[in-house]
Structure formats: C-alpha cells, structure tokens
Amino acid sequence: MSTTVSQIDEVKTTPWSGGRSPFNVEYGKIMMWFFLLSDAFTFSSLLISYGSLRFSASVWPAADKVFQSVPGLLDSGAPLVFVGLMTFILIMSSVTMVLAVEAGHRNAKKEVLWWMVATIIGGFMFLGCQALEWSHLHHEGFWWGSTPALEELGKFFNAGGTDAARHLTAQEFANLFFTITGFHGFHVFTGVIINIIITVNVLRGTYEKRGSYLMVEKVGLYWHFVDLVWVFVFTFFYLV
Amino acid sequence: MSSESHEVHHEGGEHETMTRKKIWKVFFILLAITCVEFVIALVIVPGHPEYLRVANPVYIALTLLKAFYIVAYFMHLKFEKLGLALAIIVPIIFIIGLILVLTNESHHWIDLRG
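Here the protein sequences line up with chains A and B, keeping their order.
With this note's numbering, the residue at position 56 of the first sequence is 56, and numbering never jumps.
If you want this note's numbering, it's the position in the second sequence, counting the first as 1, plus 240.
Errors might be hidden in some of the hints.
In silico BS3-like pairs for lysine-lysine, Cα to Cα no more than 30 Å straight-line [claimed, not checked]:
1) A:Lys218 - B:Lys262
2) B:Lys321 - A:Lys12
3) B:Lys261 - A:Lys109
4) B:Lys261 - A:Lys209
5) B:Lys262 - A:Lys29
6) A:Lys109 - A:Lys209
7) B:Lys318 - A:Lys29
8) A:Lys218 - B:Lys318
9) B:Lys262 - A:Lys109
10) A:Lys109 - A:Lys218
11) B:Lys318 - A:Lys65
12) B:Lys265 - A:Lys29
13) A:Lys209 - B:Lys321
14) A:Lys65 - B:Lys262
15) B:Lys318 - A:Lys109
16) B:Lys265 - A:Lys155
17) B:Lys261 - A:Lys65
18) B:Lys265 - A:Lys110
19) B:Lys265 - A:Lys12
20) A:Lys12 - B:Lys261
The set of hints was computed from the structure by calculation and includes no laboratory data.
Take the sequences, apply the hints, and build the full model.
Next up, the structure:
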C-alpha cells in the first residue's frame with residue numbers, strides 16, 4: 001500500500017480552505033461579536049426612528065432644559081452635569097473591564113477578581129443614576145403615554161411652536177427616551193448579572209483550572225458594547 | 241507544501257497589544273473627547289444659537305471617534321485578523337442605508353404635518 005497521499009487528499013493548511021480558522025479567534029468570541037452586531041442593528045433602528053421622528057417635528061424639547069437637575073442636589077440650573085457623571089462612571093467601568101482582561105492574560109487571578117468587582121460596582125452605580133434620572137423625569141410628568149400639563153410644558157422648550165405641536169413632540173420625546181434608555185439600561189443590568197456570574201467563576205478558580213481567562217474577554221466585549229451604545233445615546237439625547 | 245502546524249487559537253497570545261499604559265491612554269482620550277463635547281454644549285453654543293448647525297455634526301464626528309477608540313482598543317478589534325474586523329464592520333453599511341432612507345422620509349413627514 002502506498003504511503004504517499006495524493007495531492008487532493010492532502011490536508012489543507014491555508015485559511016479559507018479549511019486548514020485553519022481564518023479569523024484566528026475562539027468560536028465563542030466570534031459568536032459574541034456576531035451577537036453584538038445584531039444588537040447594534042437593534043439599537044440603530046431605535047435610534048434612527050428617534051432621529052426620523054425628531055427630524056419630522058417642527059419643535060422638540062430642548063435637552064439642556066429637560067435634563068438640568070442633579071437628583072438629590074440641584075433641581076435646576078445644572079444641564080449635563082448628572083449625565084456627565086453617568087458617562088464618566090460607564091467609561092470608567094469599561095476601563096476596569098479591560099484591566100480585568102489584561103490581568104487575565106497574565107493569569108493573575110486576584111487582579112482579575114478585583115477589576116471585575118470594580119466593574120460590577122460601576123455597573124450598579126450607573127443603574128442607580130439612571131433610576132434617579134428616570135424617577136426625576138417621571139416626577140416632572142414624563143412617562144410612556146403621558147407628558148407634563150400643557151401650561152408647564154413651556155419650560156422644556158426653546159421659543160417657537162404651537163401648543164399642539166409641543167404636546168405631540170413632548171410625548172414622542174418621552175416615549176422614545178424611556179424606551180431607548182430603558183433598553184440600554186436593561187443591557188447594563190444583564191451585563192452586571194453576567195459579570196457577577198463570571199466573577200463567581202473567577203473566585204471559584206474555574207478559569208484558573210481551564211488555564212485561560214477567555215470568558216472574561218467575551219463578557220468584556222459585551223460590557224464594552226454597552227458602553228459604546230451609551231456613547232450614542234448620550235450624544236443623541238443629551239447633546240444634539 | 242508547508243508543514244507548519246498552526247494552532248487555531250492560542251489563548252492569551254495577544255501580549256503587547258493592550259498594555260496597562262495603553263489602556264489608560266485610551267481612557268484619557270475618551271475623557272478628553274467627552275470634555276470637548278461638554279465645552280461645546282455648555283460654553284460655546286449657549287451664547288451663539290447660530291452655531292448649533294455646526295455643533296451637531298461636530299458632536300456626531302466626536303461620537304464616532306469615541307466609538308472607534310472603544311471598538312478598536314477596548315474591544316480589541318484593531319488587533320484581530322482583518323477578516324474578522326471586516327465581517328463586523330462591513331454590515332454596518334446597512335445602518336447607513338436606514339439612516340438615509342428614514343431621514344429622507346422624515347422630510348416628507350414634516351410637510352405632511354404642516
């Protein structure tokens with residue numbers, strides 16, 4: 001029997017011909033990337049519908065008039081301060097997440113653990129801020145399907161626009177704001193839960209035994225995506 | 241034919257790509273961009289409402305810049321194989337399509353609303 005292999009039976013070694021993974025990343029990580037891509041489409045459709053409704057309106061609530069309180073401290077006169085704090089918290093927790101991933105590359109269990117704990121704390125702080133922001137707006141009269149009374153609506157707008165137009169767009173604003181920040185907040189919440197699960201696994205030494213902290217990288221991707229979405233939500237609701 | 245035995249993936253093999261120093265550098269870049277946005281929103285625009293038309297594209301450009309830093313460095317996409325990066329980035333074209341269609345549509349709606 002011949003021991004030579006005919007050319008067609010030879011195992012191929014080049015990428016894209018089945019020899020090795022062309023992406024050179026682990027399966028779960030690719031799947032996380034594709035899940036995030038689909039999630040990006042979901043958030044885009046929400047934000048683009050917001051954009052198109054806003055483009056089609058003659059007036060729109062002014063961001064620096066709607067968001068000008070620091071719940072618990074100032075009732076008005078501090079536009080963007082509170083949301084600035086929220087943005088800082090989320091970026092900070094993204095940094096602690098990459099630091100956890102970096103520590104994972106060095107197999108430094110203790111460091112991974114503490115950076116993960118810091119990330120979880122950051123997530124809870126963000127959720128707490130968002131709860132305060134929501135309850136403040138709810139207190140002012142904004143909610144799904146309801147707006148402040150017509151005579152109080154004026155303080156949320158710059159000059160111009162009829163009462164009817166103001167009422168309509170204030171309602172659109174409220175619905176979109178609570179839907180989009182709510183969907184984002186839900187992502188933050190699930191991110192925190194997943195981070196807690198991973199942290200427990202780190203503590204129990206699951207990844208130490210496995211010899212790699214790749215799972216930390218995968219949840220890290222999800223966590224950074226949540227931060228990424230916030231960057232867009234922040235721009236389109238609070239700045240533009 | 242080459243007889244290289246290539247590992248499909250080697251976990252933790254991306255050393256020298258994101259050092260702690262680089263992580264903090266990216267953090268300060270993100271922080272600086274956010275501060276610039278605040279300065280525009282709180283200092284520059286309030287005195288000059290006519291600047292708003294310029295400010296909005298600037299906000300969007302800065303946001304895309306922040307998105308680039310998060311995806312490229314924090315999510316590590318810059319250091320992945322080009323094929324993976326393209327598989328993630330190219331489908332974003334669909335989003336641009338939806339933006340164009342719906343912003344165009346909204347200009348008709350504003351006429352309908354009167």
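Hints, one by one, checked against the model:
For the hint pairing Lys218 of chain A with Lys262 of chain B, the CA-to-CA distance comes to about 20 Å; that is within 30 Å, so the pair holds. Pair hint Lys321 of chain B plus Lys12 of chain A holds up; C-alpha atoms about 19 Å apart against a cutoff of 30 Å. Taken as a hint, the Lys261 of chain B and Lys109 of chain A pair is honoured in the structure, with Cα atoms around 20 Å apart against an allowance of 30 Å. Distance check on the hinted pair: Lys261 of chain B and Lys209 of chain A sit about 29 Å apart at the alpha-carbon level, within 30 Å; holds.
Distance restraint check for Lys262 of chain B and Lys29 of chain A: the Cα-Cα separation of roughly 22 Å lies within the 30 Å cut-off, and the hinted pair is therefore satisfied. Pair hint Lys109 of chain A plus Lys209 of chain A holds up; C-alpha atoms about 11 Å apart against a cutoff of 30 Å. With a C-alpha separation of about 15 Å, the suggested pairing of Lys318 of chain B with Lys29 of chain A holds against the 30 Å cut-off. Taken as a hint, the Lys218 of chain A and Lys318 of chain B pair is honoured in the structure, with Cα atoms around 16 Å apart against an allowance of 30 Å.
Only pairs whose Cα atoms come within 30 Å are accepted, and Lys262 of chain B paired with Lys109 of chain A is accepted, the gap being roughly 21 Å. A distance of roughly 17 Å separates the Cα atoms of Lys109 of chain A and Lys218 of chain A; the hinted pair therefore holds under the 30 Å criterion. With a C-alpha separation of about 39 Å, the suggested pair Lys318 of chain B and Lys65 of chain A falls outside the 30 Å cut-off, and the hint is violated. Annotation: proposed proximity of Lys265 of chain B to Lys29 of chain A holds, straight-line Cα distance about 25 Å (limit 30 Å).
Between Lys209 of chain A and Lys321 of chain B, the direct Cα distance comes to roughly 28 Å. Compliance with the 30 Å bound is thereby established for this hinted pair. Simply put, Lys65 of chain A and Lys262 of chain B have alpha-carbon atoms about 38 Å apart, too far for the 30 Å limit, and the pair is violated. About 26 Å separates the Cα atoms of Lys318 of chain B and Lys109 of chain A, which keeps this hinted pair within 30 Å; it holds. Proximity of Lys265 of chain B to Lys155 of chain A is assessed by CA-CA distance (about 41 Å); at most 30 Å being required, the pair is judged violated.
At most 30 Å may separate the alpha-carbon atoms for a hinted pair to count; Lys261 of chain B and Lys65 of chain A exceed this at roughly 39 Å. Under the criterion of a C-alpha separation no larger than 30 Å, the hint pairing Lys265 of chain B with Lys110 of chain A is consistent with the structure, at around 24 Å. For the hint pairing Lys265 of chain B with Lys12 of chain A, the CA-to-CA distance comes to about 42 Å; that exceeds 30 Å, so the pair is violated. This hinted pair does not check out: Lys12 of chain A and Lys261 of chain B have alpha carbons roughly 40 Å apart, beyond 30 Å.
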